[in-house]
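**Student:** Take a look at the letters that make up each chain.
2 protein chains.
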Amino acid sequence: MGLLDYFRSTQSKGSANVAKERLQILVAHDRAARSRPSYLPQLQREILAVIRKYVDIDMDAVTVNYEQEESHEVLELNIILPDAGHREL
Amino acid sequence: MGLLDYFRSTQSKGSANVAKERLQILVAHDRAARSRPSYLPQLQREILAVIRKYVDIDMDAVTVNYEQEESHEVLELNIILPDAGHREL
Chain P
110 MGLLDYFRST QSKGSANVAK ERLQILVAHD RAARSRPSYL PQLQREILAV
160 IRKYVDIDMD AVTVNYEQEE SHEVLELNII LPDAGHREL
Chain S
110 MGLLDYFRST QSKGSANVAK ERLQILVAHD RAARSRPSYL PQLQREILAV
160 IRKYVDIDMD AVTVNYEQEE SHEVLELNII LPDAGHREL
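Protein chains in written order, with the numbering used here: chain P, 110 to 198; chain S, 110 to 198.
Read the hints as simulated data drawn from the structure, not as lab findings. Careful, some of the hints might be misleading.
The list cannot tell twin chains apart, which means a pair is met if one copy fits it or any two copies do.
Derived SDA-like pairs: lysine to any residue, alpha-carbon spacing no greater than 25 angstroms straight-line [said to hold, decoys possible]:
hint	residue 1	residue 2
1	Lys162	Ile188
2	Lys162	Asp192
3	Lys129	Asp167
4	Lys129	Gln151
5	Lys129	Ala158
6	Lys129	Leu149
7	Lys162	Tyr148
8	Lys162	Val173
9	Lys129	Val171
10	Lys162	Glu185
Owing to the predicted nature of the structure, the values given are computational and were not obtained by experimental measurement.
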C-alpha cells in the first residue's frame, strides 16, 4: 500500500466525524550515516514559518511528534487550522 | 494504526534493500471549504527551498505526487539525497 492510499483510507473515516480544517505534515528521513546531526528539528521550525505565510496558525494547535531510530527519523506535525484563518493570496 | 507506525513498518522493509539517504515529505490537507484555492503547490516550492538549505538536492531526484479530492489533498515529495551532499550547519 502506498502512502497516498494510506492517507486516502484514513481520510474517508475521519472526514465523516470532523469537519475541521487540518494540516498534517510528515517528514521521514532515511539516514545512511547515523553520526550526522539531524536537521529535522530546525526544518520543523522553518516549515512552520513557511506555512504561516498561507494560514494563521495558533501554535497551541500544533502537535509535534519526533521519533529517531537507528537510521530513520520521522517528524510529524499536526495542525488544526482556524475556521476562518486563511489569508487569501 | 498511526502514521508513525506506518512509517516504521515500511521502513523496516525498505532499509534492508536500500541504503540510500532518502527524504520523504507528506502534506495532507483536510479542507472544510472546497472553493478556496489550494496553496499546496506554492508550499511545495517553499518547502523544497527550505530543505535545500540543509542538503544539496538534485531536482531530478525529486518525485512529486499531488492528489486533490473533494475535501482532501495530499502532496508527496520523495527525494533521493546525494551520498555526501550534506552541508553541515
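**Student:** So which hints don't hold here, by number, going up?
**Tutor:** When the structure is compared with the hints, none of them turns out to be violated.
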